[in-house]
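Read off the chains here:
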Amino acid sequence: SAVISQKPSRDICQRGTSLTIQCQVDSQVTMMFWYRQQPGQSLTLIATANQGSEATYESGFVIDKFPISRPNLTFSTLTVSNMSPEDSSIYLCSVEWLAGETQYFGPGTRLLVL
Amino acid sequence: AQTVTQSQPEMSVQEAETVTLSCTYDTSENNYYLFWYKQPPSRQMILVIRQEAYKQQNATENRFSVNFQKAAKSFSLKISDSQLGDTAMYFCAFKVVNDMRFGAGTRLTVKP
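Protein chains in written order, with this note's numbering: chain L, 1060 to 1173; chain G, 156 to 267.
Just to be clear, a hint being listed does not mean it is correct.
Unchecked claim - Below, a sample of chain G positions facing chain L; criterion: calculated Cβ distance under 7 Å: (1) Pro195; (2) Gln199; (3) Arg205; (4) Val252; (5) Phe257.
Hints are computed from structural coordinates only; laboratory data are not their basis.
None of the values given here were measured: they were computed from a predicted structure.
The beta-carbon is built from N, C-alpha and C at its ideal position, and this holds for glycine as well.
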């Protein structure tokens, strides 16, 4: 079965700094997504990462705060910019091999902002 | 807008027994997918089971089965012969095209 990896697995950052999270899949996928899971909460979709074009952001999330890249069909990055303690969350990438069907998740990145 | 409701924030079950987790959803769509995901303390979201709305037959995966009631918009998960490794958060999810919504989750504890 395919492997979805995320780097880093966890990090502790100072407020005002930025962190880039990588999501790598070992086979080409159609769709890639980024989610945020705040402590004790469910998952909230941040954006759909579009290959070769700007990401599609959900309401409440903006490109300046969460820039996303997807240079090819196996890789995407999410940057959390100008971090504050409220950004402390788990960030998860997910993928679909067939568009509109099952999403599979990476292992997540646990971020703590001090 | 699609919504997903899990009314049981926490549940517990004795090892080897059976437990049922509830999920209801609201949609005007006719074609969609429903999922149960498991999130153990390691935080990785693991697909447990999937149901296509057009299929009347309930999905099963080993010890996991669902009771899908389309008219009632209900999608419960039954775990048989519960094991200690089943201890996790369980999220019900609804998906139509690229719009995926998650419930608030049910924390399941399996007791020895």
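Hint-by-hint comparison with the structure:
no.	hint	in the structure
1	Pro195	11 Å, violated
2	Gln199	5 Å, holds
3	Arg205	6 Å, holds
4	Val252	5 Å, holds
5	Phe257	5 Å, holds
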